[in-house]
Structure formats: C-alpha cells, structure tokens
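K.L.:
Spelled out, the chains give:
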Amino acid sequence: MTAPMPVIIGVTLAILLGLATFLTWFERRLLGLWQDRYGPNRVGPGGILQAVADGIKILFKQDWIPPFADRGVFVLAPAIGMMTVLLSFGVVPVTAFWSIAGTLNVGLLFVLAMMGMGVYGVVLAGWASNSKYALLGSMRAAAQMISYEVFMGLSVLGVVMQAGSFTMRDIVLAQSGLWFVVPQALGCAVFTLAGIAETHRLPFDLPEGENELGAGFHTEYSGMKFGMFFLAEYAGVVLVSALLVTLYLGGWEGPLLPPALWFALKTSALVCLFVLLRAALPRPRYDQLMALGWKILLPLSLLNIAATGAILLLHAPG
Amino acid sequence: MIVATPPRPADLRAPATMFAQVAHTPAILAIEATRDAVPTVWIARQDAHAALARLKQPEAALRMLLDLTVIDERERTHRGDQPPSAFTLVYHLLSFADDGDELRVKVPLPADRPHAPTISDLWPNANWYECEAWDLFGIVFDGHPFLRRLLTPPTWTGHPLRKDHYARATEMPPYSLTEDQEKREQEALRFDPGQWGMHRHSANTDFMFLNLGPNHPSVHGVFRIVLQLEGERIVDAVPDIGFHHRGAEKMGERQSWHSYIPYTDRVDYLGGVMNNFPYVMAVETLAGIQPPPRAQMIRVMLAELFRIASHLVFYGTMSQDVGQLSPVFYMFTDRERVFEIIEAICGFRMHPAFFRIGGVAMDLPTGWDGLVRTFLDYLPKRLDEYEKMVMRNGIFRARTKGVGAYTVREAIEWGVTGPGLRACGLEWDYRRRAPYACYDQLEFDIPTAANGDCYDRVVVHIAEIRQSLRIVRQCVDNMPAGPIKADHPLTTPPPRTRTMHDIETLIHHFLNVSWGPVIPPGEARGCVEATKGLNQYHLVSDGGTMSYRTRIRTPSFPHLQMIPLISRGAMIADLIAIIGSIDFVMADVDR
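So the protein lines, in turn, are chains P and D. Heads up: the first sequence begins at 1 in full-length UniProt numbering, then just goes up one per residue. Heads up: the second sequence begins at 1 in full-length UniProt numbering, then just goes up one per residue.
Hints are computed from structural coordinates only; laboratory data are not their basis. Hints may contain errors.
As the list claims (entries may be wrong) - Computed Cβ-Cβ distance ranges for the label pairs, DEER-style:
#, chain 1, residue 1, chain 2, residue 2, range
1, D, Arg200, P, Phe68, 51 to 61 Å
2, D, Gly394, P, Gly164, 57 to 67 Å
3, P, Lys295, D, Arg246, 49 to 59 Å
4, P, Arg37, D, Tyr378, 12 to 22 Å
All C-beta atoms, glycine included, are put in the ideal place defined by N, C-alpha and C.
All chains should be modelled from the sequences, with the hints used to inform the complete structure.
P.N.:
See below:
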C-alpha cells in the first residue's frame, strides 16, 4: 500500500504548509480562550479563514528590502529557515508505511543536522538586516540555539541506545512494548525544553524578545519574507511535537483508531501544550537561559546517558 | 489643610523645622505668607546655594527636593510686599523624617540674563528640574553639568513659559515645514555620545549605542533611552523625554479656573480624577472654600477607584514586560469593571473631570452602592489568583528580584515618592502625613517592602490595591448625606437652587458660568498621594479669571531621571523590567 514517492512528498508538504498556516489562526484562538477573549472569529466559520485572509494580505504586500541590508543574504535567510524545518519532516514516519524517508539509517542525525542548519536562517537574518535590534536578536539566537542543540543531541542518545538504531521507524517499532517516555523521562524533559529553545517559542523566544528587541532578528522583515519566518516557526512547533511523539510517545501506535490518526492526535495535543506554555510563562533573561542549559540540562542529559548505558549493560544478554 | 485666612508664618511650625533653621539667618530677604500654610522664605541669589546646602545637611532628616520651578513675575500685579523680582526661582523642600516638614525657598532673579547657581551638586534630581527651568524660562544655572533643552526640541527658539512667549497657534503665522527644516529637525535628534562625555570605544571593545524608543513596545509611550552597550550589558543610559510635552502648564494660564479641570485629567492619564484632586484643592485653598463632607467622601472614593484601575494596568503591563502574555488581559478585564462604576457615577470612563471647585459635578446615582459592593467582593479573589500566576512564578521572580534596587537614601536624593519609595521600606504616605479631604476618618495601612527592587515595587502596588479596596468599602459604608457642593460664591458652577429667587445669586451664577470665577490673588498648592507618587499643583492667582502660573509637579518626572543610576551594569532585559516596575506614563512626565 505504498504510494509513489512524489505523491507522498506532495501530500506531506501540502498538509504541513496547510497545518502551519492553520496554526497561526489556531494559536490565536486558543490564546484567546485562555485569556478570556475571542481571538480572530470573523472570517469564515469560527474565524478559521483568518489564516487565508492573512495569507492573501501578506502575499500582496510590497516586497521591501531595506536599502542598508545585505540583499542576497537577506533574501536567503528566511528560505534557509523554512527549508531546514521542511526537510526534517522527511524522516518523520507518520505511520509504518507513510513516510518519505522514515527508514533512513541516519534519520535522527539528519534531524539534528537540519536543526543545526536552521540556526543559520536566524543568524543570517539578523546579520544581513544590518540593524542593531536584529543583530542583538541573532546574537542571542546563535548562543541559545547552538547551546540547546548540544542538550538536544545528548538527550536523544538514550533513545538511540535503547532502540539500537538511528532510524526513526525502528525507534517507533522499538516502543511497541513500552513508550520511551517512561524509561527516558529525563531525556524527554530535556528534549522538550531544548525543542522549545530550538523553535525559539515563548518562554524561550529570546531571539525575538518583542518586549526587549522589538521583533529581534526579523525586525526588518516584512511581507512574505516575514511570513516565511512565521510559518517556519509554526512548522517548527509541529516538527518538535512530531519528534516528541516519534521518539518518546510511541509514534503512530495506539489501540482501536487508525495509526495516522493516533499520530495526529498525539502531535496536536503537544502543539496545544506549546501554546499553553506561551500563554502561561514569562521569559527568562538571556544569561538565566544559558545558565539553565549549561548548569542543569547538560548534567541531566549526561546523567541520563550514563544511567541508560548502565541499565542496558546490566540487562545485556550474556 | 484648608485655611480661610493667611496664617502668620511665625507660628506655622514647631522649632527645629527647616523654617526655624533659616528664619533667623541674615540670608533671609523676606518671609512670605502664602495661602496654603507652607512656610515660604526669600533668599538672595548669592546666598541661595549655601542656604540650601545647610538645609540639606542633617542627613537623618531625609530632605527631598520635591520641586524646583520658576514664576515669571513681570506681568504680575498683586505681589504684595514680596521683594522685587522678574523671575522667581521656587525650591520646594520636603522632609521625610520630621513629620513631613516643608519649606518653600524663593530666589529673586533679574529680567536681564537671569542666572543662579546650580544645586544639582546637592540634590541630583535638580539636574532635570534646572534643565526644565532653562528650557521653559531661560534661566541659566551656573555650574550645571549639561544645561540643555529637556521638553522642547533642541531646535526651539524662545522659552515657552515666559509671559511674552505666544501660547496659541493663532498668535503665529501659519506653520510650514520645508525639507531643509525637516532635515535639520531630524539631525537634531541624532545622539552624540561626545556631548554626554561618553566614549565610543574602550581599551578592548567598541560600544554599541542603541536607541530604545521613542517608539518601542516597552517604553510605555513616547520615551527614548539611549543605551551604551557592551554586548547586552548596559554601560550607561541617557533618558530623553519631551516627546509628549503638550504645554499643560501654559494652557493653565489661558483657561479659566473651571475650564482647566479637564486638562488635568490628561496629565496622568491613568489616574483620571486623581489629577483633579490636587488642582481643585489648590483653587479651593486660594478661594477659601471648604467642600462639604459628602463631596469629600465622593472624591476620595473615586480617587481610590482610579488608584485601583491604574495599579491594575501597572500589574498587567509589568508582567507583560517580562514576557508573560496572559495576565494583562485579565487585569484589563478587571479594570473594565472599575470603569463601569466610574461611568455610572461620572458618565465618563478614563477622563471624567468630575471634580468641581467646591465639590463634585453630580450626586451619586441611584444604586451606586450595590455596584461598588459587587466589585469590592469580586476583586480580592481575582488578586489571589494573580498572586499565584505572577508573583509566585519562578521565572518572574528570577527576572525581578534584586533587579533595579535602590535604597531609601537614594530614593530621597532622586525625588522618588509613592510606591517606589515605600518599596525601599520607608513607611510614608501623604494621605497619612497630611490627611487631606476625609482621609483622617478612614482606616488604611501603608504597605512597605524591604529591598526596593522591581519585585518589591510590584508587591507594594498589589498591597495598595487591597488597601484602596478597604478605603472604598469604608466610603460606601459611611457615605454622609448632604450637599455635594459648597455654599460659597466662588463654587463653580454655583448651586442653582436660589438663582431664580434673588438677584444676588443670579448674578453670581451668571458671572461664574460666563467669565468663570474670579479667584482672589495669592499662592497655594494642593498635593495628593497620587497613583504614582506625590502630585502637586502650585497655583498663583493674580486676582483674575485665569491662573497666573500653574505648576504641575508630577511624580513620574523624577522617577525617570533615576533610570541610569539603577540600570548601569544590568542587561537590556533588566532595563525593561525596571521601566515596567517604575510605573510611569509619559504624559505625566512631560505634561
């Protein structure tokens, strides 16, 4: 029942972009609900077409590049941001049969590599903007994202050790008995925090830090180039949720319902959690964020690796 | 507070007050009897600095330079036996230790090239006040570190508060802005670090100069701070104000005593009628009006409701400034409930201009008490919830504790009043120190905190909301019956009950609503514990239908001047928390 590859890619891409667009509306409605207000509710049933209206507006805006910006890099940066997120989805298996490269034998490494690339999108945007606020934002982004990549990489090692594979599909299959969130609770916690930091969402949205830096690294961006950062952020939220599901929450596995639906349900629940975090928490200071990473998350993830390794060795056959 | 006849200065205060300290020194030119019982002495220019230095001397007395301003005397006719002066410098001192002892020091200056010694070496907050006096009156302060235009643009010509400066656009030819002019104006806004003695480089680093504002999400209005940065660490900061300057003091000289009331509402635009309060108190002191008890109680109740509304805005925006998205929505919803009550009573929400000379505009509507009681029962539960959501949040604490701290001594030196002063641990409230209106009949505590940092300032604000609720409840329970306006010929607009029965009251009514009241000559101030600190109106009447000089001392003005002191060495994110915790509005700074 495997469909031809171009169809799978096309369908995944369409769903993904649709989802990211839809999320811009969904998050605002959800925030509205939690903040005792309505949110966008005028365009279409329940306001759902707001995302379309915003899309039309943003597409028809003047494509403005500030005269002081570095043109080439300025245009390239949002594309990098968008591209790396989309490529990462390639290795995420929606079901055992529905994935673009779910069987890639370096799947997890590929994701980490793409996330590493993603930093360039943000850093180059701030650099090419040639504006002080953008520069401060991208400086923060560079430090924050590169640090949190370390913890992200270390936290998933426990999963790899237990599953014995970097292949995403095999990792899910290895969870058929017990989801990794139980034995790898520590790793899961670190991965979640690192994931928020990687997608620079509140409470870790320091590169944007609207109260401090206006709009941080994308201060100078407008129109669809800004829209791409925006969509990449939401696609990033979906990506981190999907990764959490794949690595720790048993992927598509679940009783009664079809596998694809299970995957979607789990992912959506995590997306809602991301929105809830944004509604609830203030933003730590830059140095506090770094201290949290290097002083707490790093030892925790190392401890996780050591403990996982020890337990695996103890139970090793022979 | 309100006196019918001018008191004799000699028996104003017990000995050892500031007045006693200077009254018998040879430096004294004259002792003036003002209408408001604040001891006032005249000192010659050459003796002023020494006298003020002596007055500041006793460290334990905690003496603050509450205000420094100027009166242009050149067109004033009723000066009594005051020494000759073209421009009079007015220093207003307030002591926090000796039961709130006050002293006004006046220094006469000539019309030609008026100048005086600076006192910014004595009180650091004199820096901005002297810049303001230079900007608006053209007084030169010898030895001032950097005398510059503070409120008007650097390209301005003339000194707007001088009597010979025009007040209205109609007194001027039509305005046009050519391209060259525009370039010049914009160029004048460019920040030059050299002017401020700042360097662009140090031995091992280049500094970044960052314009935070005038348009920035966290500066609460149009306010610019130029930051000297090393990475994200603040080396130095230069606050730049004046973008919101509307000439409220000048307008006071062109509006009748009565028609100026709505302008006051807009000074601290979150404070509503709280701004009417000191103004009408000053006018009533000049006119010798004693408002009836019901009017006093209504005033206090509305003022406290506005304190709650303003503090709620502070609470919400403060938590938003450190990145919390939701609380501000809850607090604005609660504020909406306050406005429902205000609207029902005053017919207006943010700027009701409800106070009148001699009373208030209308009596309370039927059912007002039920409305207020519902709110009094509603808010405490919400405040408990916010306590969990904001104050006990670990990130919020990490962002605000130990950030932007100052001591009581620093607060006094820099002119800090209100919650910012109480957060350092000084239990001092003007409502207790000089209970105006009916505050002497009301029970309330003065909340304080210990560390004077951002967190403590929020703690004090929240505690004040609860105290205000307590005061409002007492007002509802004990609202006296009776008239809402004083039976006095200068009450505006006068009560109309007898206007159709005798010619005398008819004439009074006619004149007071056509010309406006004629307030007897003299000087008086009204001072209240406003939402953000001490708000004082110092009025000079020359026996006309308009004020001769309206001086508005607002709390936010000195508070902003202190920002560099408490933000050096902090990060940009800390500065945002500091700005949020100071609780200012730019209209209150620039006037």
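K.L.:
Against each hint, give a clear statement of whether it holds in the structure.
P.N.:
We went through each hint and held it up to the structure:
1. Here the CB-CB span from D:Arg200 to P:Phe68 is close to 20 Å, at odds with the stated 51 to 61 Å.
2. In this structure the hint that D:Gly394 and P:Gly164 lie 57 to 67 Å apart at CB is violated, the actual value being about 38 Å.
3. At roughly 50 Å, the beta-carbon separation of P:Lys295 and D:Arg246 lies within the given 49 to 59 Å, and the hint holds.
4. At roughly 18 Å, the beta carbons of P:Arg37 and D:Tyr378 sit within the given window of 12 to 22 Å.
Consistency note: the structure conflicts with the earlier hints numbered 1, 2.
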